[in-house]
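Line by line, the protein sequences are chains E and F. For the first sequence, the numbering used here assigns the number 1 to the initial residue and increments by one for each residue that follows. For the second sequence, the numbering used here assigns the number 1 to the initial residue and increments by one for each residue that follows.
Among the hints, erroneous ones may be present.
Stated by the list, open to error - Below 30 Å or equal to it, Euclidean Cα-Cα: the simulated DSBU-like pairs (lysine-lysine) are:
id: 1; chain 1: E; residue 1: K165; chain 2: F; residue 2: K116
id: 2; chain 1: F; residue 1: K92; chain 2: E; residue 2: K239
id: 3; chain 1: E; residue 1: K181; chain 2: F; residue 2: K92
id: 4; chain 1: F; residue 1: K116; chain 2: F; residue 2: K3
id: 5; chain 1: E; residue 1: K165; chain 2: F; residue 2: K108
id: 6; chain 1: F; residue 1: K102; chain 2: F; residue 2: K3
id: 7; chain 1: F; residue 1: K185; chain 2: F; residue 2: K126
id: 8; chain 1: E; residue 1: K165; chain 2: F; residue 2: K58
id: 9; chain 1: F; residue 1: K92; chain 2: E; residue 2: K165
id: 10; chain 1: F; residue 1: K216; chain 2: F; residue 2: K185
id: 11; chain 1: E; residue 1: K165; chain 2: F; residue 2: K102
id: 12; chain 1: F; residue 1: K126; chain 2: F; residue 2: K102
id: 13; chain 1: F; residue 1: K217; chain 2: F; residue 2: K3
id: 14; chain 1: E; residue 1: K239; chain 2: E; residue 2: K165
id: 15; chain 1: F; residue 1: K126; chain 2: E; residue 2: K165
id: 16; chain 1: F; residue 1: K58; chain 2: F; residue 2: K216
What the hints contain is simulated information worked out from the structure, not anything from laboratory work.
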Amino acid sequence: MGGKIIARRVVFYVGIIAAWQIVFSLHLAPQTVIPSPSDVGQALAKGVYDGSLLYGIGTSLLRLSAGLVIAIAAGIALGIFIARFETMNQIIGPFLLGLQSIPSVAWVPLAFLWFGRTDGGIIFVTVIGALFAVAINTHSAIRAVPPTLVAAGRNMGANGIQLIKDVIIPASFPQMIAGFKQGWSYAWRGVISAEVIFSVLGLGSLLNSGTKNNQIAEVISVLIIIMIIGVLVDGLVFKRLERTVLSRWGPVK
Amino acid sequence: MTKLQARNIVKHFDHNGTPILALDGVNLDVEEGDFVCLVGPSGCGKSTFLNIIAGLEKPDSGEILLNGKLIDTPGPDRTMVFQEGALFPWLKVVDNVEFGLKIAGIPKEERRQISKRYLDMMQLEKFSESYTYQLSTGMKQRVAIARALAMDPEILLMDEPFAALDSQTRDLLFVELQLIWERTKKTIIFVTHNIAESVVLGSKVAIFKHRPSRIKKEIVIDYRRPRLAEDENLLKYQHAIIQELKNEVIEQKKSGD
Ligand SMILES: Nc1ncnc2c1ncn2[C@@H]1O[C@H](COP(=O)(O)OP(=O)(O)OP(=O)(O)O)[C@@H](O)[C@H]1O
Ligand SMILES: [Mg+2]
Numbered sequence: 001m002g003g004k005i006i007a008r009r010v011v012f013y014v015g016i017i018a019a020w021q022i023v024f025s026l027h028l029a030p031q032t033v034i035p036s037p038s039d040v041g042q043a044l045a046k047g048v049y050d051g052s053l054l055y056g057i058g059t060s061l062l063r064l065s066a067g068l069v070i071a072i073a074a075g076i077a078l079g080i081f082i083a084r085f086e087t088m089n090q091i092i093g094p095f096l097l098g099l100q101s102i103p104s105v106a107w108v109p110l111a112f113l114w115f116g117r118t119d120g121g122i123i124f125v126t127v128i129g130a131l132f133a134v135a136i137n138t139h140s141a142i143r144a145v146p147p148t149l150v151a152a153g154r155n156m157g158a159n160g161i162q163l164i165k166d167v168i169i170p171a172s173f174p175q176m177i178a179g180f181k182q183g184w185s186y187a188w189r190g191v192i193s194a195e196v197i198f199s200v201l202g203l204g205s206l207l208n209s210g211t212k213n214n215q216i217a218e219v220i221s222v223l224i225i226i227m228i229i230g231v232l233v234d235g236l237v238f239k240r241l242e243r244t245v246l247s248r249w250g251p252v253k
Numbered sequence: 001m002t003k004l005q006a007r008n009i010v011k012h013f014d015h016n017g018t019p020i021l022a023l024d025g026v027n028l029d030v031e032e033g034d035f036v037c038l039v040g041p042s043g044c045g046k047s048t049f050l051n052i053i054a055g056l057e058k059p060d061s062g063e064i065l066l067n068g069k070l071i072d073t074p075g076p077d078r079t080m081v082f083q084e085g086a087l088f089p090w091l092k093v094v095d096n097v098e099f100g101l102k103i104a105g106i107p108k109e110e111r112r113q114i115s116k117r118y119l120d121m122m123q124l125e126k127f128s129e130s131y132t133y134q135l136s137t138g139m140k141q142r143v144a145i146a147r148a149l150a151m152d153p154e155i156l157l158m159d160e161p162f163a164a165l166d167s168q169t170r171d172l173l174f175v176e177l178q179l180i181w182e183r184t185k186k187t188i189i190f191v192t193h194n195i196a197e198s199v200v201l202g203s204k205v206a207i208f209k210h211r212p213s214r215i216k217k218e219i220v221i222d223y224r225r226p227r228l229a230e231d232e233n234l235l236k237y238q239h240a241i242i243q244e245l246k247n248e249v250i251e252q253k254k255s256g257d
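Extracted from the complex, chain E is given alone in its bound form (with noise of 0.2 Å):
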């Protein structure tokens, strides 16, 4: 990344936090409901100096990531499975594209009845929202895969798992990634609301404990969190991931 973009952005940051300071500073909105930057500053401090913010990151990110690799495990399955039999496909495809449209959080009252406030229920909340997505996207991945491609591992004598695990897996891989960036926003949709609702430990269930203790500026500096461990997972896991596609695939596919 050129550092002329870097500029760019810390301009903007820099930017919205100086009109942020401006709307506070005039009164444009009530004090009590937008915080000052600095507020928000010391809360995040606090948050970090305490080691409650450290830990509730950990704790999310450790449901996310449970969650996340049962999803993509799961999901990769399921597409396989329903793009193998395509009379299975035209069964169940309608219902995996109807439970794909449930939002993570509609999940959460289920989860609540059969796991209770724990852990299992979260994640529960965390696989069921990214899986769906997976499986949708690893089928159409799969079907996507230039038949030539599959006819030249079984010419070259691939058939069963190894042509599943050496050609078709590595064949629609590109296509996947689409299905686990979206599984992963899912995923981390529903382990934040999961932990809002829930309240046991998690960036949610501080979320939620600011609420209660009408601390605006300790409910934005964990938002900010979110939102900066949303950038650093795509950055750090998912660009990553194309780049590598890419530096092998070539730049068209």
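Take the given structure of chain E and dock chain F with the ligands to it, following the hints.
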């Protein structure tokens, strides 16, 4: 010795309920060490026939015998060079060449030796660590040939492997392929649209005809090698093939096609 026999191969495809007869009783005998070129009009079933030999498609009826034994599944004893190369973009050139060897469970060191031999033969040693998008079309085609040869197949199947190449590259590969054929003594079945190509490469040219889709005639090309594309002595063979194909068109017109 007869390497491969195709007996009465029939295959139809379904086009939205209408059956299309792609092969209607194809017979072919290929001797060990033969270089058979299959020519014929577009859509007459050449690729389908090759896919059936490769075991990638199943015929409705008829059988394929390899060394006298019935075959009906794909196998590394019949490797194919696909028209578009069909290389794996997620693998380096060397790993593409070693793919089938790896599937066969051959240990890494032995794989390296084999892939090196064929990459050297194809003059690709410098590109073994490249990814396929970094190669030109002709280089890709050579990787595909190296990959097919690395399996040390009984029969090499080639489906218009040079169709996408410019004529200079193609002429070079004509010579290379003839040398490889002489060096490895492989049996080759080579599908092409191009009649000139078929007489340069083939020890035998099998002419496919349409409706019914069958092999109509086989012409032996007994001429010294390596043959060059511009060799005028090959013209008489070309004319014989063109004449056969013309008759075919005339017959079709007569039968009201
Ligand atoms: N997968 C398929 N599904 C349906 N029909 C097919 C399929 N493959 C081939 N056909 C039909 O079978 C016939 C023979 O096709 P094939 O590809 O074997 O011809 P070809 O001789 O290789 O032609 P070309 O020289 O143009 O490559 C055609 O009528 C084609 O429409
Ligand atoms: Mg064809």
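Right, here's what the structure says about each hint:
no.	hint	verdict
1	E:K165 <-> F:K116	holds, 25 Å
2	F:K92 <-> E:K239	holds, 22 Å
3	E:K181 <-> F:K92	holds, 26 Å
4	F:K116 <-> F:K3	holds, 28 Å
5	E:K165 <-> F:K108	holds, 19 Å
6	F:K102 <-> F:K3	holds, 26 Å
7	F:K185 <-> F:K126	holds, 26 Å
8	E:K165 <-> F:K58	holds, 24 Å
9	F:K92 <-> E:K165	holds, 17 Å
10	F:K216 <-> F:K185	holds, 27 Å
11	E:K165 <-> F:K102	holds, 13 Å
12	F:K126 <-> F:K102	holds, 22 Å
13	F:K217 <-> F:K3	holds, 19 Å
14	E:K239 <-> E:K165	holds, 24 Å
15	F:K126 <-> E:K165	holds, 29 Å
16	F:K58 <-> F:K216	holds, 22 Å
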